[in-house]
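**Q** Same order as they appear, the protein sequences are chains B and P. Note that this note's numbering numbers the first sequence so that position 117 is 288, with each residue one more than the last. Note that this note's numbering numbers the second sequence so that position 140 is 311, with each residue one more than the last.
One should not assume that every hint holds.
It does not matter which identical chain is used: a pair holds within one copy or between any two.
Stated by the list, open to error - Listed below are the simulated DMTMM-like cross-link pairs for lysine to aspartate or glutamate, each with C-alpha atoms no more than 25 Å apart in a straight line:
| hint | residue 1 | residue 2 |
| --- | --- | --- |
| 1 | K381 | D359 |
| 2 | K344 | E226 |
| 3 | K185 | E256 |
| 4 | K185 | D291 |
| 5 | K195 | D370 |
| 6 | K223 | D312 |
| 7 | K213 | D370 |
| 8 | K294 | D245 |
Bear in mind the hints are in silico, worked out from the structure with no lab data behind them. Since the model is a prediction, treat every value here as computed from it, not as a measurement.
2 protein chains.
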Amino acid sequence: MNDNRKVPKLPSVKRLPSYLHELKLLRDQQQQMVSTTYLAQKLGLEPIIVRKDLELASSTGSPGVGYSVQSLIDGIENFLGWNNETPVVLIGVGNLGTALLGYRGFAEYRFNIIAAFDNDPEKVGSSVHGKPVYHVDYLHDFARNMQIEIAILSVPCEYAQKAAENIANAGLKAIWNFTNTTLNLPPDIVQQRVNMAGDLAELSVKLSGKLWND
Amino acid sequence: MNDNRKVPKLPSVKRLPSYLHELKLLRDQQQQMVSTTYLAQKLGLEPIIVRKDLELASSTGSPGVGYSVQSLIDGIENFLGWNNETPVVLIGVGNLGTALLGYRGFAEYRFNIIAAFDNDPEKVGSSVHGKPVYHVDYLHDFARNMQIEIAILSVPCEYAQKAAENIANAGLKAIWNFTNTTLNLPPDIVQQRVNMAGDLAELSVKLSGKLWND
């Protein structure tokens, strides 16, 4: 890792899509410039945090003028690698997988699920929400041909580890794990876990007054 | 807040459902006892972290014997308030709302979406994945009659703030926010945000090598 480059803070990274969302709304309204104060208010943050976050997009605002909306959008998309469409695949066309195939919210971030994979003969060869479902044995060749790096994992828990190993063996580099399972994989495979049950636990405990609301 | 009670750490709280999941698998296999080492390995954590986490469930393991599986399940469910079914409502029966209504994964945590609300005349009066869809104007009475405290918010972003205010005015206490919007609400309303776009940003940046994988 290059010592001259700061390692970005995770909370800042996770907030970038929220800035992007607000900035695109402003662009739709033909707004050219935006102030730190506006973004701070929209995201419920302190202005100092906003300035710090936006350093990741290599943008510095001008005092009294603010930031250029388009430059900020470009800077954030460039930092995240979201300036081009990212093709991804989904493994496991069950209840959750089907829901994710039908979810259009990923498009805002140019994530496009281009195909799904399963091993159920009744599903293979079908199309779900317009996406083709292939047999998992075809994943390796498909990922190579289509240069896919990211797989969404939505199989039942008991198959999660095996399916994740298949994904790694097929040469993919990252797994977005929607299963309630901790995966044991080589360290060069990037893992991102969606922990909806953890969110629910946090909400339950906040509601009971045992944990402060943030 | 009672000074004698420790405030639980958020990461520990968010891990509790993962313990619960593993413990229920063990119970299904008629296992009576479980070791720290086993849970640590399953969750990819250090044993010392596991012991600390499980203190929240008021359980202490015995050296050489481990924890009682059933006591741990009871302790965690009791701590989270998950020993009874939690009835929740969903606001906004669009693409994502429909997916959530069809998602069966909440049942493991006894979260039951008993009704959905929308203001689209074409949706009101219908049933989606077996759940009735009512007009939002009926939320106040319904929530009061059914003693609902938690709403899942899945409306389009531009309606999120208004819908959240409606939920607060209807007397509900917590919002699980699936929209990409920061909500401005009274501090006594518990908010929990699902930030899938933030997860995607984290994954993208890890994949680019700008952020360490954890």
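**Q** Does each hint fit the structure? Answer for all of them.
**A** Verification of the supplied hints:
1. With identical chains, the CA atoms of K381 and D359 are at most 25 Å apart between copies only, with a shortest distance of 14 Å across copies and 38 Å within one.
2. Proximity of K344 and E226 under a CA criterion of 25 Å is satisfied in neither setting, with 27 Å inside one chain copy and 37 Å between copies.
3. Only within a single protomer do K185 and E256 lie at most 25 Å apart by alpha-carbon distance; the minimum there is 19 Å, versus 32 Å between protomers.
4. Within a single copy, K185 and D291 get their C-alpha atoms no closer than 35 Å, and across copies no closer than 33 Å, so neither meets the 25 Å cut-off.
5. Proximity of K195 and D370 under a CA criterion of 25 Å is satisfied inter-copy only: 19 Å between copies versus 28 Å inside one chain copy.
6. Taking the closest pair of Cα atoms, K223 and D312 never come within 25 Å of each other, the shortest separation being 43 Å inside a single copy and 45 Å across copies.
7. Taking identical chains as interchangeable, the C-alpha atoms of K213 and D370 lie at most 25 Å apart whether they share a chain (23 Å) or sit on different chains (20 Å).
8. Taking CA atoms no more than 25 Å apart as the test, K294 paired with D245 passes in neither setting, with 40 Å inside one copy and 38 Å between copies.
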